[in-house]
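Dock chains B, C and D against chain A, hints included.
Residue numbers (this note's numbering), protein chains in the order written: chain A, 271 to 497; chain B, 1443 to 1623; chain C, 689 to 991; chain D, 38 to 432.
One or more hints might be untrue.
As the list claims (entries may be wrong) - Calculated pairs, EDC-like style, for lysine to aspartate or glutamate (alpha carbon to alpha carbon, straight line, at most 20 Å):
#1 C:723 <-> D:146
#2 D:71 <-> B:1569
#3 D:260 <-> C:968
#4 A:480 <-> B:1569
#5 B:1469 <-> D:382
#6 B:1469 <-> D:146
#7 A:484 <-> B:1518
#8 D:71 <-> A:467
#9 D:100 <-> B:1569
#10 D:294 <-> B:1518
#11 D:100 <-> B:1518
What the hints assert, rightly or not - To spell it out: a stretch of chain C is covered by chain A in this simulated footprint if at least three of its residues, at any positions, have a beta carbon under 8 Å from a beta carbon of chain A; those stretches are:
#12 730-738
#13 887-901
No lab work stands behind these hints, which were simulated from the structure alone.
Note that the structure is predicted; figures quoted are calculated from it, not measured.
The beta carbon of each residue, even a glycine, is placed where N, CA and C say it ideally should be.
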Amino acid sequence: MKESNMDGLQSTATETEQQLEDMAKEMRLANDGLSEQDKGYFCDVRPHRVEPYKGIMESFANWARSQSLWILGFGTGCGAIELRPLMTSRFDMYRYGIQARPTPRQSCVFIIGGYASVKTLKRIVRSYEQMQGPKFVLGLGSCTVNGGMYWDSYNTINRIDQYIPVDVYIAGCMPRPEALLGGFIKLKQMIREGKCEGMNKYIDDFDWYKANQKQIIHDWNMPDYNW
Amino acid sequence: MATERQERTMQEVNDSGLVGDRPAGLKFVHVEADQAVAYITRLRDVQGYTHLVFFTAIDYIEDSLFRLTYMVHNYDSRQDMGVQVDIPRQGASMESIHHLWPHAATYQRELKEMFGIDFPGSPGVDDSFILEGWTGISPMRREFDTRQYSEQTYFPRPGRVTHDTAAYMKENLYPSEAETW
Amino acid sequence: MNVIMTKAWYTLISLFVITNYGLLLGGTMARVRAKVQGRIGQPVWQPYIDILKNNFKRTGIYHGVMFYLGPVFRLAGGLGTYLFIPAVYGSLVFSNFSFSGDLLLVMYFIFFGQLGMALGAGQSGHPYSPLGVSRGLAQMTAFEVPFALSVIAIAAQYQTLSITEIVAAQQGGMLNWVAFTNPLAMVAGMISFLGMSMGNPFSVVIAPQEIPIGPPTEMQSSFLGMLQTNRAIFNGAKLVLFMNLYFGGATNIGVMVVKTFLIYLYTVIVDASFPRFRTDQSIRFFLGIPALIGIAAVVLQML
Amino acid sequence: MVEMAKYDPRDKFPPVDAGSGKSVYNLHSGKYMKVWQGPQHPGITGNMSLELTVCGDEIIDCKTHVGYLHRGFEKLMERRRYIQCFPLVCRICVPEPDFNEYLFAEGVEELAGIEVPEKARWYRALTLEMARLASFMMWIGGQAAAFGMGTIGQWTVTMRDYVLDLFEELSGGRIYHMYIIPGGVRADLPIGFALRVEQTLEQIGKVLDDVELALMHNAVFKKRALGLGVITPSMVDEYGITGPNARGSGIRRDIRKDNPYLVYDQLEFSIVTETGGDAYARTWVRLRETRQSIDLIRQMLEKMPTSGPFFQKLPNVLHWKIPAGQTYRKAECTRGEYGFFMVSDGTELPRRIYVRGPSYTHAVTLMEKLAVNVNIADTAGLMVSLHTYPPEIER
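The following block holds chain A by itself, in its conformation from the complex:
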């Protein structure tokens, strides 16, 4: 597990805003959802912002990232039914360097397939935090934008961007595979332009996201940030 440098805590003689922010960054996570013997297994260090490289190096890295997008194989909603045609020979997404990975550790694109019920949102948050950055989120369908059909349902959230940062929305119910490919191409453009800093955004507004998540997910029995 990462060591948190304690300097930020000791040199607190003259508190400026900056140092207070540093202290907030250095504060450890509570992980109060976990039982005592489980706390040892999980990291309690707050996630740290990772700055991108400078100049040509970052643009080259972004090109590589945009050319190999690995989807997390998690059909969170009915939008996942259009991923099957996307993978098969009619709309062959492998042509664009897109492939599906079964484990969140190795994947970098998370497709929120439509509506997310509260029970699924818990798994979405956990899978999203297990993914290694930079990671990108595709909101699929109208339900991720504003609740869509189920805007007044008691069990589906209305806006996914209140809980995890979203890079690209693909509207429609259901969005066609062509629309999905269009969304992927848009995502590639944004990655090349270096606009997809969703992970750093998540880390900057970490407390806000956590507050929103814990407001809905009542039985929070998982670590606060899952490395």
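This is chains B, C and D only, laid out in the frame that chain A set:
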């Protein structure tokens, strides 16, 4: 195990006391709560209604009662029989039929969670089935307002306008046809 | 001193060539598999981009020292396998250290990577990893049996264990290949090669459907990049090894490319046209007909 | 094959409690491991999860967890007018939404006493069979992929896509059609539609031949599927099993024959049954039913009336007061008996609409029963072979 009281109920079923007999092959019968399970047992064992199609409840909040509906099917006579039981809404509780069909326990789990109807003795009836960490009244009860709950909880995106469909269509879409019905 | 330096340079060149060849072969075979499925498939250079992307990941987590060493062992296994095989017979650059190592050492290196991977996966703490590891090691032990038997048959045939001498003995015409002088050994070896290349029907170790995805479940960014690099080298090394053992080796790089491509094509075609065995089923399979064929090959040589 | 030493695998398993039928074990004894399969798992159907307790490589206890896709349809429909419920119901089941539309429309017509024109009933049956075809094409790919053969899925899912094209031409929607509405159907058949359907059916027939050759006669597939998840005929009534799962055990039951709806009494077809009761038999049943629905579509296109209205004009649907009553309509969908139980109290809003999905029993009770003593590598195949679909469990 059928007392003659159920015999008589059976006779009534076959003769009359049917509600909504459309389509052919679908019958509904009302049974008292205390003899419902024995009656269903007889339906399964004697009358050949061997298939439990579904088991659900209807919330009549104005009469303050739940109407349980056991739908059983007879594959020989191709009959669907809806056995309907009225139970009071306060402290709603009902005998379990998981000993007749194992998958009835699943329905009872759902009813416990969604309506708050208790089935003592049903395996795992208290486990959460669909919802997770749900606090508050059971969502399928009619006094639960899902729209209000959703607007309070799930950060509705500003800008959504909800028209009253009838008024909107009457004004904008079909000004002439709206009154033709 | 000078000799050592030139040898080191030759080794580096040979490693560079086999790595790129393995990567390109992987990309090509992905396209072949896609053609069987009626698709176009990914670009040939996709493996390069994937490795780059994995190494450009910003964060990466580790679960301890063995988790680090697992991919390293795997890479060491791949390199060791390759470095003691003559990639091109008679060539100064591509006959690596084959003068010093022999077949047993190579077989040991083939096993070595898996064991290291098992250690690393075990420390990752994910319940899927030990499941995959146990499947992988059990299946590996099974397909080592026909492979070892066919190797013994070849060794008995040529009275040597040195790969270079085995290749040398097969020179001069197609009919001198083991595939024709000792077909039973070739059959047993090629069947065990299916298991070694971990394609269907023996791919339950890294199967996505049954327990994703086995040992590398927790391997992320640069660990995964290392594993992918090793997969390229290891594939190349295995192909070259089987080419040397059964198909008369190669006298120049072109022949090597053609032969290894065909051998790989055979595994990919089988891969695309079969479901996968369960672990116990694949063990029963390898200990069945292929093992009997291997025994028959050995017996024929001993007669 | 080599003769393996005979040993009883049961002896390493914990004792089974006679009362509950569940095995009694101490999870912390170090002998057992708990593995969660799903919801984030490629080998699970839809979005649900299995809580497996394994002893070595074999499952000794399985618990199904559903509810990841719960949208509260039944609650939402209670606060919408009947015609507003209509775009909702097709969302319940994604692979074949038409059954929801059909049953909802039938129920409303039932309660409101509306006669549907003859042509509309043929169109409805045609849509249902096309939906069945599409769903089966997707299922075959899933069953093959669950055993690791991705090639079959690539072929069949592409063929399904051409059926979706026909749906798009017919109704404008690819996945959700909303073609069957109360009072009839939304549009007439396009010109030359039957011709294009025939072309697609020919293509699909060819692909099905290839699938039969490459999958059903595949030695490895047989090894995996034979004897996996055997459903005995006595279990069928006990667990409320319907559809191909029951027909795979030799039970001759098909709502299209027993309680004929729409125009199925005017078509020639026979109930497909197999006797094995295992995953292989179920695969055969579904493969043959796919061919059967191709045949049914051809029959319909022949016998279909060419003239006449396809829609019965409704009163103003926004002020539509359905008379009080209750009814239960069912149809034979690809997974079994699909039913809508509708209660109206004479107002503009439905009092209660209950959706009976066949997966309700298949995925929860039956799966928990069948998964015991199954190798953990076969869980995905067993799950797919039951053809469960989570959204109709939790709605």
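Right, here's what the structure says about each hint:
Simply put, residue 723 (chain C) and residue 146 (chain D) have alpha-carbon atoms about 50 Å apart, too far for the 20 Å limit, and the pair is violated. The straight-line distance between the Cα atoms of residue 71 (chain D) and residue 1569 (chain B) is roughly 19 Å, inside the 20 Å bound, and the hint therefore holds. Restraint check: the Cα-Cα separation between residue 260 (chain D) and residue 968 (chain C) comes to about 11 Å, which is no more than 20 Å; the hinted pair holds. A hinted pair counts as satisfied when its Cα atoms are at most 20 Å apart, and residue 480 (chain A) with residue 1569 (chain B) does not qualify at roughly 27 Å.
Straight-line distance between C-alpha atoms of residue 1469 (chain B) and residue 382 (chain D) comes to about 18 Å, which keeps the hinted pair within the 20 Å bound. About 18 Å separates the Cα atoms of residue 1469 (chain B) and residue 146 (chain D), which keeps this hinted pair within 20 Å; it holds. Of the pairs offered as hints, the one joining residue 484 (chain A) and residue 1518 (chain B) is violated, with about 54 Å between alpha carbons and a cut-off of 20 Å exceeded. Distance check on the hinted pair: residue 71 (chain D) and residue 467 (chain A) sit about 37 Å apart at the alpha-carbon level, beyond 20 Å; violated.
For a cut-off of 20 Å, the pair hint linking residue 100 (chain D) to residue 1569 (chain B) stands: about 12 Å separates their Cα positions. This hinted pair checks out: residue 294 (chain D) and residue 1518 (chain B) have alpha carbons roughly 13 Å apart, not beyond 20 Å. Distance restraint check for residue 100 (chain D) and residue 1518 (chain B): the Cα-Cα separation of roughly 34 Å exceeds the 20 Å cut-off, and the hinted pair is therefore not satisfied. Coverage of the segment 730-738 of chain C by chain A holds. Counting CB-CB distances below 8 Å, 5 residues qualify, and the rule asks for three or more.
Remark: the segment 887-901 of chain C is confirmed as covered by chain A, as 3 of its residues place a Cβ nearer than 8 Å to a Cβ of that chain, reaching the required three.
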